[in-house]
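Q: Let the hints inform the model, and build the full structure from the sequences given.
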Amino acid sequence: MKRTVPLVIAIVAGFVLLIANFIPFAEGWGLTAQEWFNILAVGAMVLGGGNLVKLHLMKVSGQRKGWGYSLVTIVCFFGTIIIGMSKMGVHPNTLYPDYAWSGYYLESGSGLWWIYQHMIVPLTSMMFAMLAFYVATAAFRAFRAKNTEATLLLVTAGIVLLGRTYAGVWLFDGWLPESMLWLRFDNLTVWIMEIPNTAGTRAITIGIALGVVATSLRILLGVDRSYLGQD
Amino acid sequence: MRIRNILAVVVAMSMTCFAAAQSPSPAPSLVPEPPTDLIVADTPDDAGNSVEVHWNLSESDVFNTLLSDTQEVNPQQIVATYTVERKVTDGNGNEVSDEDASWRKVSEIGAGESQWTDRSVNLGWSYDYRVCAVDNQGDKSTWCNASGSVTPVMQMFNMSKAWLAIWMLLFGAFIAYFINCARSGKKLWVRKIAGLEAIDEAVGRATEMGRPILFVAGIQDINEIQTLAGLTVLSRVAKTAAEYGAQIEVPTCRSLVMAAARETVEAAYLAAGAPDSYQPDRIHYLTDEQFAFVAGVTGYMVREEPAACIYMGGFYAESLILAETGNHIGAIQVAGTAMPSQLPFFVASCDYTLIGEEFFAASAYLSGDPLQIGSLKGQDYGKFLSVLVLIIGIFFATTISMTESDESDGFGAGALNYIQNNILGNEGFGSFGGGDTDIEGDDS
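Residue numbers (the working numbering), protein chains in the order written: chain A, 138 to 368; chain B, -16 to 427.
Be aware that one or more of the hints could be misleading.
[Said to hold, decoys possible] If you want the ones that stay clear, here's a sample from chain A, every Cβ over 12 Å from chain B, calculated: (1) Q200; (2) P229; (3) Y236; (4) S239; (5) L243; (6) S245; (7) S247; (8) W251; (9) N284; (10) T288; (11) V292; (12) D310; (13) L313; (14) L318; (15) L325.
[Said to hold, decoys possible] A short, non-exhaustive set of chain B residues, derived as facing chain A with CB atoms under 10 Å: (16) A30; (17) N141; (18) T235; (19) F274; (20) A275; (21) G365.
It is worth saying that the hints were derived from the structure and are not from the lab. Quick caveat: nothing in here was measured; it's all calculated off a predicted structure. Glycine included, each C-beta is placed from N, C-alpha and C at the ideal position.
A: So, in structure tokens, the structure goes:
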């Protein structure tokens, strides 16, 4: 019963929304279903938040390895909730000046705004910036000319890399005959990106689209139930 | 005395005429030219809740491409907006308010725009429309009226998606046929997918090393098909881990994914006959924030050094950070995603990568269930059909390019146009040979 009911809901909802896509009268049902999902997801946030707090509290109380990080997490978690819920630093809305909590919770200069602007945004940017170094290390490994394919990849990457910079023009400036201008790296880059790269991407995209349909059908037909914990 | 009076009147009249001649006369009103050829029509393939309104731009509209280079528009007449008015002519048996029954403004469109969709109409009611041009001074042109009323009608089937429905039915038929074949005991062959074969190897390695297995089901929510595909793989990985006695760690980026993943892993441990080994706390929620999630996962990777890292789901920029961290700690890594832009990162950093459709085939492949394998065969035949259409399209496009024939004429151009706009587009069955042919194909 525990798994049959979700399965039936998934199958019925899936088929109804699939058919609704072709019937003008029912085209809005998909949006309604999305709204239902959003409501469920908001409810589930409590579940997720509760789980997070429970795990870190257990880690702190047991003083397990790295418990200090857990303590920071718990303090930040509750600190943000208190500052956000109490609308610390938020001025009352001009329409309702008598109600202290009537202002916008992310008002510029408020406590939650400060946390977002001066803690979350810089930390997120820092993580994103690390990508630059990871791209370098991944490229170093990927472009080692171990075999024919890897060598081809290295040459192609070199052309595209130079073609995206001024070097793609500068290297051939003044000596390449007019009839051979297509060999300039910037022109070769355009060709590589528009022809082989687009063809490869589209091939992958078509495969993905068919895979999505097949997986959806497996789920709708109840053939694949492993996502519900069934064989 | 009488003569004096007559002279006085004549002098007064002369002065009045002179004064009138000296004062500035009011300038003739300069109103913009009206828009022309107003056409209103029921929106096709809708639920009868909209009407499309088209008109030709006014000659005083500087965006009118039909104006010749020598044709100059008086600056005082330049169109700023178009005003659309509407009135109800028939309420389909319902009472129509006085306001609706008389002309009232329903929209104001900027200069250069020649169409508008009225989405505030009622099914079965009849409407009249008119449109005028308005200049910057607020002067209105004369009205351009539509030739007749329009009544929005609901269509039962969206014919613009007719070909999509046919594709889906065909594709579904292939899958249903091969599932049936599998049911009847026919042996179906599926090529080996190295990345999936490696999952057992990765779990075995983790068991030998006594280290956990990290499984990340992407950063999307449970309503995304990639997350579901990732969870189906998780089911197999968890079952293998339970059989081998390895520990599996599943941090999630969404609360609902955590709940679903717990169900999946618990059932897998139960199926493997090791329900006591199941540890729900190992499947935990971190955060919805993309990079905070990455920080949490990579922190775990560096601290615990899992022997195997498996990434199956929808990923964005965090893919490379996760995969490179896994690479640095020396874990065996298997990834699968349907995000084409993230695939190169996984290919560069992971030992095995499931590319696109392989990722969606993973569940069926790993299960070994004949019914699911049957769906994979159906998927292959769907792919064959798609490739067939592609080859036909390429043939026609190449022929047209090589023969340098007039692109809009001939059977080839008509066929190519039909493939692009009808079979692969959203013009439904339409008519063969209509429309323009885009040989470059860069916008389809």
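Q: Taking the hints in turn, state whether each one holds.
A: Structure-based check of each hint:
1. Even its closest Cβ contact with chain B, about 15 Å, leaves Q200 of chain A beyond 12 Å, as expected for a residue assigned away from the interface.
2. At the 12 Å boundary, the C-beta of P229 of chain A stays outside the reach of chain B, the nearest C-beta of that chain being 30 Å off.
3. The claim that Y236 of chain A is not at the interface with chain B holds, since no C-beta of that chain comes within 12 Å of its own (minimum 30 Å).
4. Separation of S239 of chain A from chain B is adequate, the least Cβ-Cβ distance of about 27 Å exceeding the 12 Å criterion.
5. Non-interface call for L243 of chain A relative to chain B: holds, since the shortest CB-CB distance, roughly 15 Å, exceeds 12 Å.
6. Under the 12 Å C-beta cut-off, the non-interface status given to S245 of chain A relative to chain B holds; the minimum distance is some 21 Å.
7. Residue placement check: S247 of chain A keeps its beta carbon more than 12 Å from all beta carbons of chain B (closest about 19 Å).
8. The beta carbon of W251 of chain A is kept farther than 12 Å from every beta carbon of chain B, the shortest such distance being approximately 17 Å.
9. The claim that N284 of chain A is not at the interface with chain B holds, since no C-beta of that chain comes within 12 Å of its own (minimum 15 Å).
10. Non-interface status of T288 of chain A relative to chain B is upheld: no Cβ of that chain comes within 12 Å, the nearest being about 16 Å off.
11. Residue placement check: V292 of chain A keeps its beta carbon more than 12 Å from all beta carbons of chain B (closest about 16 Å).
12. Every beta carbon of chain B lies more than 12 Å from that of D310 of chain A, the smallest distance being close to 29 Å; the non-interface claim holds.
13. No Cβ of chain B approaches the Cβ of L313 of chain A within 12 Å, the least distance being about 27 Å, so the stated non-interface status holds.
14. With a minimum CB-CB distance of about 21 Å to chain B, L318 of chain A clears the 12 Å threshold, and the non-interface call stands.
15. Separation of L325 of chain A from chain B is adequate, the least Cβ-Cβ distance of about 19 Å exceeding the 12 Å criterion.
16. The criterion of a C-beta within 10 Å of any C-beta in chain A is met by A30 of chain B, whose closest approach is roughly 4 Å, and the hint holds.
17. For N141 of chain B, the interface hint holds, since its Cβ comes within 10 Å of a Cβ in chain A; the closest pair sits about 5 Å apart.
18. Interface hint status for T235 of chain B: upheld, as the beta-carbon distance to the closest one in chain A is roughly 8 Å, under 10 Å.
19. At a threshold of 10 Å, the smallest CB-CB gap from F274 of chain B to chain A is about 4 Å, leaving the interface hint in force.
20. The closest approach between the C-beta of A275 of chain B and any C-beta of chain A is roughly 7 Å, which is under the 10 Å cut-off, so the hint is satisfied.
21. Contact between G365 of chain B and chain A, as hinted, is supported at the beta carbon level, the nearest pair being about 5 Å apart and thus within 10 Å.
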